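Engineer: Here the structure of chain A is known, so what remains is to put chain B in place on it, guided by the hints.
Protein chains: 2
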Amino acid sequence: MIAEILAVGTELLMGQIANTNAQYISKRLNELGIGVYYHSVVGDNPGRLKNSLNLALSRADVIITTGGLGPTQDDLTKETIAEALGRKLVFHEETYQGIKAFFEKINKIMADSNGKQAYLPEGSIIVPNPNGTAPGCIIEKDNKIVVMLPGPPKEMIPMFEQTVCLYFESRTGQTINSRMLKVFGIGESEMELRILDIIEAQSNPTIAPYVGTGEVIIRVTAHEKDKERAEQLMEPVIRQIRERLGSFVYSDNGETMEEVVVGLLKKEGITLSVAESCTGGLVASTLISVPGVSEVFDRGFITYSNEAKIKELGVSEETIARFGAVSRETAEEMVSCLVKKTGTRAGIAVTGIAGPDGGTREKPVGLVCLAVSLDGEIVSHEVRIAGDRDRVRHVACLNALNLLRKKILGL
Amino acid sequence: MIAEILAVGTELLMGQIANTNAQYISKRLNELGIGVYYHSVVGDNPGRLKNSLNLALSRADVIITTGGLGPTQDDLTKETIAEALGRKLVFHEETYQGIKAFFEKINKIMADSNGKQAYLPEGSIIVPNPNGTAPGCIIEKDNKIVVMLPGPPKEMIPMFEQTVCLYFESRTGQTINSRMLKVFGIGESEMELRILDIIEAQSNPTIAPYVGTGEVIIRVTAHEKDKERAEQLMEPVIRQIRERLGSFVYSDNGETMEEVVVGLLKKEGITLSVAESCTGGLVASTLISVPGVSEVFDRGFITYSNEAKIKELGVSEETIARFGAVSRETAEEMVSCLVKKTGTRAGIAVTGIAGPDGGTREKPVGLVCLAVSLDGEIVSHEVRIAGDRDRVRHVACLNALNLLRKKILGL
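Protein chains in written order, with my numbering: chain A, 851 to 1261; chain B, 851 to 1261.
Looking at chain A on its own, in the form it has when it is part of the complex (with noise of 0.2 Å):
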């Protein structure tokens, strides 16, 4: 099967957002062994929306539209393909009720726009939508199959996962089964050079890396009938990855570095107070991102002047003036201030240059030094990160996190 995805809307054409659906629903249908072979893109036109349609039609077994389903005037997608596939559109009335209960459920009043919404085209799938009023559809005609998603991706994608994905699970017998593997602290050609042979001698499942900031992705997906039976295929290779890259491999669910600490520091029962300088408090905030983690997180100190780091956390002068703000000692001395001071457990420290000034022939911009404390043993890291001021911060957050993960799991 061969899809082409038809994106519906203005804002893509004048440049307001990304098309960020597209690659979400290439990357599922790959996985699903259905190929993709075209993107397009249109605005809210009913003339050109209809030749799009066509042209589609022509070159693909299953369109998938995203946008215009909404309320007002400008959303046409339902009505031109209706009546581009010669379908009528009817009233549904559970649909009408969905989304009566939804208003009320967000406290809101209805508009009358909002009914035109339960109309649907005649001889449809319907595809709930849990977030928002408007329902997708899909419609099955002559060999073809036209799927209709709404443009946000918040109410897109779980229409997708749970509606649209058992759809082409059940027509093509195979079910979506990948991993993915999250990999930090090495670089994407070292880890390459060292898991080139897995990669090339697979064929199902499929390993593909691909690079986030500061980190490794890699994604395993296995083709198969069934979970049990993929999960067979996938389990050797991922502990054969596992063994190639050791204590790199910091996930094989697809969780963030903040969730898998979170869920350590839980598991063991571990209370956590940070100390930052150059972050910020961007690694308390990645960890607060994190729901429940008041259970284990206790306080944090944000202490960007040298004043704040003496009077907050009671970091002498000396070790500033001697080594400077920015050193492995003063990293050291903040977290064992900040754990005395705060009775946690677990405490981690961070101290670097962000830029884009600041930096020095000795100390350039990007230099970030951590320590983290647990039960009173301290260890310490210096690092030198690439990239802009955000770069610098969010990579030093993730290095902060990672020494953190690796000492409570004595790696």
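Derived from the structure by calculation, the hints contain no laboratory data. Here the structure is a predicted model, which is why all the values come from computation and not from measurement. Each hint should be verified, as a subset may be incorrect.
Where chains are identical, the list cannot tell them apart; a pair therefore holds if satisfied intra-copy or between any two copies.
Quick list of in silico lysine-lysine cross-link-like pairs, BS3-like style, CA-CA up to 30 Å [to be verified]:
1. LYS1161 x LYS1117
2. LYS1213 x LYS950
3. LYS1116 x LYS1213
4. LYS1077 x LYS1004
5. LYS955 x LYS1213
6. LYS1190 x LYS1161
Structural biologist: Chain B only, in chain A's frame:
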């Protein structure tokens, strides 16, 4: 002039990357007064590329391609398009020397395959690539313009800005002139109501509102021959919008809320400290993303637990017991204790329920209490924010910064 953007690359169809190039180019072309009617994406397949090019030539005046200009066998955009347009590829000595010099600069050996990149369609305008080896080119034929650019954004964007923009400016006699008004604290629909007549009455400049996370952006774009005249057209419209929206407009030059706040603090010589509960360092971290913030940002406390609020800031147990940790009273006491402790002129305190758990009937998820202190005067504010944990924290942070902005400006 009508444009179509044609991206070439199997990695886009595999979902490995999003087509951010199309977004970037669309935005710039719209600003130049060139409408974009279609985006399309094809893989590294000469047949499908040729078909897509011919289709684009049939429905657009300008076709901009991205991708497929590299040195490998897969990269065939230039060859395919040159053939379709009946142009020979000819060796270009200056480009060859440029590629050689590029490899010398980055201290790498030039592969034979890179030589192929010095061949360009006969009679084309060369678009130099200062950040890579693949030059781009512009072909004019039969009133159509085809522009080929490489795929990596860090190469494509400078080439577009330095060469392609000037080319279109000279053809259209227009320059890019737009200003972004940033609006916070008013819903999109209420804002539209207030300025709908201004939007509808205007054709030059055009006024386009769009929705960010928790804020609204209004782009005012003038199509004029030079910057000065464009400013003259935009100025009265921007003034009119500002009058209607008052203090909801926090920037009329595209600055972020944190840039505006740090700018005000620096201008007035006001030092700042922060105390955060539910935002957990996000307010500090957002401020610290602005270069040069160290002049004004002193320190921060992440007092996530009640104990931390009491011990680190000195909030009284009684206040928390009586009004709750999430209350205006606690937020006010947090900020008053904070500035007493740190001695900064300004302070921000945030406490709230970010979810997904922890809400009650009286204090639901999304309730956030904020307080700001400036030279001993305290103001506080209570907001209810819809959405998930990340959105609650992000919008809480914007609210906190906005409260400080308004206090400094006496609004």
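Engineer: Hints first: check each against the structure and report whether it holds.
Structural biologist: Each hint, compared with the structure:
1. LYS1161 x LYS1117: Intra 34 Å, inter 27 Å, cutoff 30 Å: inter-copy only.
2. LYS1213 x LYS950: Only across copies: LYS1213 and LYS950 sit 25 Å apart there, 61 Å inside one copy, limit 30 Å.
3. LYS1116 x LYS1213: Between copies, since 26 Å is at most 30 Å while 37 Å is not.
4. LYS1077 x LYS1004: Only inside one copy: LYS1077 and LYS1004 sit 26 Å apart there, 39 Å across copies, limit 30 Å.
5. LYS955 x LYS1213: between (55 Å within a copy, 17 Å between copies)
6. LYS1190 x LYS1161: So LYS1190 and LYS1161 pass the 30 Å test inside a copy (14 Å) and across (14 Å) alike.
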